[in-house]
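Visitor: Now for the letters of each chain:
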Amino acid sequence: MALTKEQIAQRIAQELQDGFYVNLGIGIPTLVANYIPEGIDVVLQSENGLLGMGPFPEEGKEDADLINAGKQTITTVPGSAFFDSALSFGMIRAGKVDLTVLGAMEVSDNGNIANWKIPGKMVKGMGGAMDLVASAKNIIVAMMHTNPKGESKLLPNCTLPLTGKHCVKKVVTELAVLDITPEGFRLLERAPGVTVDEIKAKTAGKLIAEGDIPEMKFN
Amino acid sequence: MALTKEQIAQRIAQELQDGFYVNLGIGIPTLVANYIPEGIDVVLQSENGLLGMGPFPEEGKEDADLINAGKQTITTVPGSAFFDSALSFGMIRAGKVDLTVLGAMEVSDNGNIANWKIPGKMVKGMGGAMDLVASAKNIIVAMMHTNPKGESKLLPNCTLPLTGKHCVKKVVTELAVLDITPEGFRLLERAPGVTVDEIKAKTAGKLIAEGDIPEMKFN
Amino acid sequence: MNKIYANANEAIKDITDGAVIMLGGFGLCGIPENCITALVKKGVKQLTCISNNAGVDDFGIGLLLQQKQVKKMISSYVGENAEFERQLLSGELEVELIPQGTLATRCMAAGYGMPAIYTPAGVGTEVAIGKETREFNGKEYLMEYAFDAEFAIVKAWKGDADGNLIYKETARNFNPLMAMAGKITIAEVEELVPAGALDPNQIHTPGIYVHRIFEGKNYEKRIEQRTVRKQ
Amino acid sequence: MNKIYANANEAIKDITDGAVIMLGGFGLCGIPENCITALVKKGVKQLTCISNNAGVDDFGIGLLLQQKQVKKMISSYVGENAEFERQLLSGELEVELIPQGTLATRCMAAGYGMPAIYTPAGVGTEVAIGKETREFNGKEYLMEYAFDAEFAIVKAWKGDADGNLIYKETARNFNPLMAMAGKITIAEVEELVPAGALDPNQIHTPGIYVHRIFEGKNYEKRIEQRTVRKQ
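Quick mapping for you: the protein sequence lines, in order, are chains A, B, C and D. Under my numbering, the first residue of the first sequence is numbered 1, with each subsequent residue one higher. Under my numbering, the first residue of the second sequence is numbered 1, with each subsequent residue one higher. Under my numbering, the first residue of the third sequence is numbered 1, with each subsequent residue one higher. Under my numbering, the first residue of the fourth sequence is numbered 1, with each subsequent residue one higher.
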């Protein structure tokens with residue numbers, strides 16, 4: 001059965017390691033924060049100028065001066081630090097952020113990503129996405145395998161304007177976990193009960209599915 | 001009569017204007033701080049990371065964490081701010097410092113300056129001098145007109161390795177105040193009792209002395 | 001040397017039609033509310049605004065857009081603004097979208113006297129069109145130029161008479177960078193104190209970068225996405 | 001994630017012969033005294049030291065020079081050090097002198113992931129020899145590369161368990177810049193506190209840049225030029 005968005009986040013959270021500094025994008029990526037494995041320390045970076053982002057505030061404790069990159073009210077955790085936007089992207093550009101998780105409209109089998117613009121429709125802007133994808137050491141894309149029309153979002157080539165080239169390392173969808181390799185998407189895991197054939201059918205880009213592909217495990 | 005070093009500093013202090021941010025080099029330039037005209041506010045920048053440098057501390061009040069670029073113990077004034085060395089040279093490079101006063105071994109009549117190295121002798125390094133001369137909007141050199149051997153330090157060309165090119169705007173020596181113009185040193189003022197002929201004799205670079213050259217005035 | 005102005009109207013008095021101005025803030029967080037209101041009141045037009053966002057319809061830079069005072073926005077993200085969208089589609093408004101880190105670093109470059117910087121953001125995308133690229137250590141970078149703005153308008157938490165500024169939490173964002181970058185920098189602060197009242201170790205923007213300062217009034221500090229914990 | 005080390009000996013344990021290390025401080029102000037002592041004790045040799053100054057004969061980096069542990073110094077000013085002078089003239093020691101602002105900005109560039117920066121410092125001088133120059137807005141600049149150092153060793157006033165650092169007065173100098181620039185950054189602090197004990201608004205170096213931290217001991221904080229007011 002296909003994963004819920006919460007389960008996609010939960011599966012991505014399994015990639016976290018002790019001591020990781022992590023930037024989580026808007027949407028499914030934000031949910032990853034709810035599934036940080038017990039016993040490890042992960043520090044969340046918000047690119048508007050915070051290391052050590054905590055959960056949303058309790059009702060009545062919202063602080064207009066304390067928001068995340070999605071403009072949501074947030075809190076801090078002990079050991080947090082504020083800084084300006086240049087230092088924020090400086091630490092991203094310098095490779096100090098260990099993992100970036102973000103959403104996408106399209107990913108191609110050579111690691112290109114498109115997630116900021118649909119020509120002809122309203123252009124909201126790239127925000128920090130281009131900086132993040134150009135600099136992050138490790139980028140995981142969290143998205144649905146297909147768009148609302150049922151068309152694959154894992155493509156041979158992105159059709160939308162690119163956010164960055166050759167940068168995505170891994171994709172987690174409601175159906176599968178895939179690595180981006182020089183040969184294309186490599187299927188690593190299937191959602192419980194989802195067949196390799198279904199994943200193949202919904203993946204337009206080059207897909208490598210060798211041997212026995214295990215099901216994802218959740219605790 | 002030739003000026004004392006204190007008087008050179010005093011004459012340079014007349015160039016200060018209200019609201020100026022000023023960087024004073026080591027030696028005679030440091031003395032300028034003692035002659036800031038009454039009624040104007042001048043903020044001293046120390047390139048090791050301080051705006052709002054105050055006088056030396058009282059005996060017993062020295063603080064090892066609070067020094068100037070000459071490694072001397074200092075104090076702060078109200079409104080001071082500390083910052084790192086990159087921001088310090090950033091504000092210098094961005095032209096935010098209104099006036100830089102520094103010493104020199106040689107100045108040429110096209111505004112070149114040499115003050116950091118004597119080949120064959122010990123090389124101590126340029127410290128912040130190259131950054132300052134390359135970026136300052138307004139550079140005044142405070143120095144003696146001749147070296148200990150009696151040779152002019154105001155030259156057609158510097159003989160020592162340069163610190164910067166075409167950067168000096170004004171020179172104040174024990175004998176004269178001179179502007180650097182496209183035509184060479186322009187004599188603006190004489191030290192009290194010093195003749196134009198003496199200044200001419202001691203200036204090896206091109207010297208323009210037109211009309212009546214007034215004596216410097218001290219309060 | 002007096003940097004203290006009575007209010008926003010006085011501080012922005014010489015901003016005229018066609019000016020290039022930077023405005024601090026991220027979303028509605030840390031925006032110079034008093035100065036925006038004063039710019040609306042003054043009715044200055046044809047502005048080029050460098051700001052990470054464009055406010056919302058009825059707050060922030062949205063107020064300037066409503067009055068059609070903005071000729072061009074240079075921003076990284078301009079979503080959630082119907083009047084903005086209308087003006088953009090009708091061709092009344094020019095928009096230059098640039099990556100957020102590039103926006104921040106181009107401000108910083110101006111404040112540090114660095115004419116250009118290199119960043120990998122936008123390589124291989126339409127952002128790179130017409131820009132010089134260069135490879136360092138096997139990675140491709142774009143050369144981006146320092147901003148050149150006449151005015152920077154920022155909002156700080158505390159400021160002193162010498163123009164030293166301290167920001168609060170994530171309301172810092174672009175404010176210290178734009179404060180460094182303006183030829184004339186105007187700071188509005190929630191609390192204006194005498195020189196010497198702030199700890200010199202804790203200054204975020206040294207006063208040398210700030211030319212005018214005033215204590216703002218009636219901060220609304222609107223929250224764009226009020227989000228609270230599920231109980 | 002534990003960044004806390006017991007002492008300097010533990011924190012520098014993996015620095016080996018031939019390492020490139022950055023050392024914070026300006027003169028003797030804000031230098032990592034404990035780590036320098038530990039490096040002397042460890043006897044590691046052939047070091048390349050990036051540091052604004054080279055200490056004095058019997059303190060700071062001078063202690064490493066005395067033991068002939070340094071192969072090369074990259075500094076802006078190396079005066080007042082007789083042993084240094086002897087080694088330099090005898091050819092035992094290499095020295096690369098670079099302008100102070102260039103030194104600082106090359107550290108910053110590393111911390112900001114910028115491969116190179118432009119500065120006018122040194123244009124037309126021997127510092128420019130062999131370097132690429134470029135004109136922007138009618139002014140000539142040198143291109144200077146970001147530093148690439150394995151270790152940065154810095155000294156802060158206060159630090160917390162997550163590696164966040166606060167510096168005191170002019171002891172800040174190069175420390176936050178080098179802290180950003182090291183592949184592995186080691187911070188010694190006068191006071192180590194639990195995470196959460198420092199005000200997040202006041203952090204100079206965010207912990208993401210700091211890999212190891214320990215509370216130093218017996219700071220001498222020697223004054224190089226004790227100067228007092230004339231009564």
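Simulated from the structure, these hints should not be mistaken for laboratory data. Treat the hints with care, as some may be off.
To be verified - Capping the alpha-carbon separation at 16 Å, the derived lysine to aspartate or glutamate pairs in EDC-like fashion look like this:
| hint | chain 1 | residue 1 | chain 2 | residue 2 |
| --- | --- | --- | --- | --- |
| 1 | D | Lys-183 | A | Glu-58 |
| 2 | D | Lys-158 | B | Glu-215 |
| 3 | C | Lys-168 | A | Asp-41 |
| 4 | D | Lys-42 | D | Asp-57 |
| 5 | B | Lys-165 | D | Glu-94 |
| 6 | A | Lys-165 | C | Asp-14 |
| 7 | A | Lys-124 | C | Glu-140 |
| 8 | D | Lys-131 | D | Glu-94 |
| 9 | A | Lys-96 | D | Glu-150 |
| 10 | C | Lys-42 | C | Asp-14 |
| 11 | A | Lys-117 | C | Glu-96 |
| 12 | A | Lys-137 | C | Glu-140 |
| 13 | B | Lys-124 | D | Glu-135 |
| 14 | C | Lys-217 | C | Glu-80 |
| 15 | C | Lys-230 | A | Glu-58 |
| 16 | A | Lys-117 | C | Glu-80 |
| 17 | B | Lys-117 | D | Glu-85 |
| 18 | C | Lys-168 | D | Glu-94 |
| 19 | A | Lys-117 | C | Glu-126 |
Visitor: For a C-alpha distance cap of 16 Å, please report whether Lys-42 of chain D and Asp-57 of chain D respect it.
Guide: Violated, at roughly 19 Å.
Visitor: Please work out if Lys-137 of chain A and Glu-140 of chain C have their alpha carbons no farther apart than 16 Å.
Guide: holds, 15 Å
Visitor: Sort out whether Glu-85 of chain D lies within 16 Å of Lys-117 of chain B, counting only the CA atoms.
Guide: holds, 14 Å
Visitor: Between the alpha carbons of Lys-158 of chain D and Glu-215 of chain B, is the straight-line distance 16 Å or under?
Guide: Answer violated: Lys-158 of chain D to Glu-215 of chain B is near 55 Å, above 16 Å.
Visitor: What's the verdict on Lys-124 of chain A and Glu-140 of chain C, does the C-alpha distance respect the 16 Å limit or exceed it?
Guide: Violated - the C-alpha atoms of Glu-140 of chain C and Lys-124 of chain A are around 26 Å apart, more than 16 Å.
Visitor: Holds or violated: Lys-230 of chain C and Glu-58 of chain A, Cα atoms, limit 16 Å.
Guide: OK: Lys-230 of chain C and Glu-58 of chain A at ~8 Å, within 16 Å.
Visitor: When you check the alpha-carbon spacing of Lys-117 of chain A and Glu-96 of chain C, does it fall within 16 Å?
Guide: Given pair Lys-117 of chain A, Glu-96 of chain C holds - Cα atoms ~14 Å apart, limit 16 Å.
Visitor: Please verify whether Lys-168 of chain C and Asp-41 of chain A have alpha carbons no more than 16 Å apart.
Guide: violated, 26 Å
Visitor: For the pair supplied as a hint, Lys-124 of chain B and Glu-135 of chain D, confirm whether the alpha-carbon distance does not exceed 16 Å.
Guide: violated, 30 Å
Visitor: Given the hint that Lys-96 of chain A pairs with Glu-150 of chain D, test it: the Cα-Cα distance must not exceed 16 Å.
Guide: holds, 14 Å
Visitor: Would you check the hint for Lys-42 of chain C and Asp-14 of chain C, treating anything up to 16 Å between C-alpha atoms as holding?
Guide: The given pair, whose Cα atoms are some 10 Å apart, holds under the 16 Å limit.
Visitor: Within 16 Å, alpha carbon to alpha carbon, are Lys-183 of chain D and Glu-58 of chain A?
Guide: violated, 39 Å
Checked against the numbered hints above, the structure breaks hints 1, 2, 3, 4, 5, 6, 7, 8, 13, 14 and 18 and satisfies the rest.
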